[in-house]
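Novice: Following the hints, complete the assembly by docking chain Z with the ligands onto the known chain Y.
Going down the list, the sequences are from chains Y and Z.
Counting in our numbering, the first sequence runs from 1 upward without gaps.
Counting in our numbering, the second sequence runs from 1 upward without gaps.
Incorrect hints may appear among the rest.
Pairwise CB distance ranges, derived in the manner of DEER restraints [said to hold, decoys possible]:
#1 Z:Arg173 - Y:Phe37: 34 to 44 Å
#2 Y:Lys44 - Z:Gly231: 33 to 43 Å
#3 Y:Ser256 - Z:Lys101: 53 to 63 Å
#4 Y:Phe37 - Z:Glu129: 25 to 35 Å
#5 Y:Ile25 - Z:Asp198: 47 to 57 Å
#6 Y:Leu54 - Z:Met190: 52 to 62 Å
#7 Y:Met23 - Z:Pro64: 20 to 30 Å
#8 Z:Glu129 - Y:Ile226: 18 to 28 Å
#9 Z:Ser220 - Y:Met23: 46 to 56 Å
These are calculated hints, taken from the structure and not from any lab test.
Note that beta-carbon positions come from the ideal geometry of N, C-alpha and C, so glycine has one too.
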Amino acid sequence: MRFLAALGAAVLAALASIGRFSMFIAHTFARAVRRPFYAAAFGKALLQIGFFSLPVVGLTALFTGGALALQIYAGGSRFSAEAVVPQIVAIGVVRELGPVLVGLMVAARVTSSIAAELATMKVTEQIDALHTLSTDPMQYLTVPRVFAATLVVPLLVAVGDTIGIFGGYLISTLRLDFNPASYLQNTVDFLEMRDIISSLVKGAVFGTIAALVGCYYGLNSDRGAIGVGVATKGAVVAASVLILAANFVLTEAFFST
Amino acid sequence: MISVTDLHLSFGQNAVLRGVDLEIAQGESLVIIGGSGSGKSVLIKTILGLLTPDEGQVTINGTPRTAAFMSSIGMLFQGAALFDSLPVWQNVAFRDLRGPKRQDARAHAVKVLAEVGLGPDVADKYPGELSGGMQKRVGLARAIAADPDVLFFDEPTTGLDPMMAGVINALIRRVATDRGATAITITHDMASMHAIADRVAMIHEGRIHWQGTLAELETSDDPHLRQFTSGGADGPIQPHW
Ligand SMILES: Nc1ncnc2c1ncn2[C@@H]1O[C@H](COP(=O)(O)OP(=O)(O)O)[C@@H](O)[C@H]1O
Ligand SMILES: [Mg+2]
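One chain only, chain Y, in its complex shape (with noise of 0.2 Å):
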């Protein structure tokens, strides 16, 4: 009996901040279609979450795009398939890995830091004087960071696709013995359009919803420095998995048939 009132318990509470979740969410989309729209606090985010995440998208996918031409060299010479490799990394990293880990990082580099930004800014009773200013604060803090998000993330990942298989070539090339012009046109021949727009379409939603998770944690947060915390952390788990299952949904959107 304890057991099940426990359980309806979290049931509620899972709904209840599902629910809350989506009050924010209609909230920031409302206000995005309505003036003002702070335009140097949009390109403020834009540096801050495109440009800056340059350098750990650009490494995470270089290792990776080369970790995994490695893989399919192993696992297709067990069907004497080493050949497959330009394909398969340039289908793996396009659809799939460069969107998710951009995605990640993202959720990793962006999202903490917005939660972080805007939690403190809560504690220290900023967003009470945005208020007493007349300035909505989902307006002035959510909207720019979402729209940001939203616009560069796709830009990011178009990077990270690259490098990827980028990394591929370079293992497969000095280590595997392919023929370089060869490999790169194996991939170009072999990736579709419905790839590279599945792979950007992916990142918008990743960037909005890095962006959107990140600002709803900030701004609920518990006052002290423990509810900092307990924000920031909250959020890039909740991105994250967040990141995670939407992939899920898009990929079989995109690829199911």
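Specialist: The following block gives chain Z with the ligands in isolation, referenced to the frame of chain Y:
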């Protein structure tokens, strides 16, 4: 006129406001005193609508507070609450950064900073580079910058040296008298209270325990009030540490 009627607000088990009734007339300077943790900051945040009361209401000239109320007020937070991502001048002129006054925003900020005793060199610094007392004064500048009708100051002189406290007291007095603004000031600083107040309200155990003019305060024999204004551990208020 701001009317507060039967305001109740609890945080979990902690019943902070337990039936606050208070009227603040237009153009008067009201000072709110009370022990730390007695709910002074919570009271003015509830008046502003930053906190939602469990019971009771706040009306402005007889009607419920609207969104437009915020454009006629200025608030200095206890911890200053400056935006640390913006330089000082953008904090001060925050309301002017967008809109028709954009061009003059910086010059206006420098002028208001001078009123709180800060030089133009402070304008381009970031809040994190300032001392606590300087941050407080920037917060004060931000509160008065747009010439609001109603001003809320949460411990404006805490963290200031006595001389600077005197400057700030005179400034608050001037804002209330010359500009005809309503000023609501929370303070623990008795010198500041005497310099600023038309009227004093003491909050104790979640209610307005005493209110009256400075002259009435001098002659009151209310033991709580006496103990608070003269200091000391003897009296009905039990300090808990
Ligand atoms: N946002 C909040 N959440 C929970 N408790 C709060 C909050 N704000 C204030 N309190 C509590 O309310 C009480 C009154 O606080 P406050 O109004 O800040 O006191 P003071 O009179 O010193 O300004 C304190 O016990 C404080 O811990
Ligand atoms: Mg206080």
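Novice: List, from low to high, the hint numbers that the structure doesn't satisfy.
Specialist: 2
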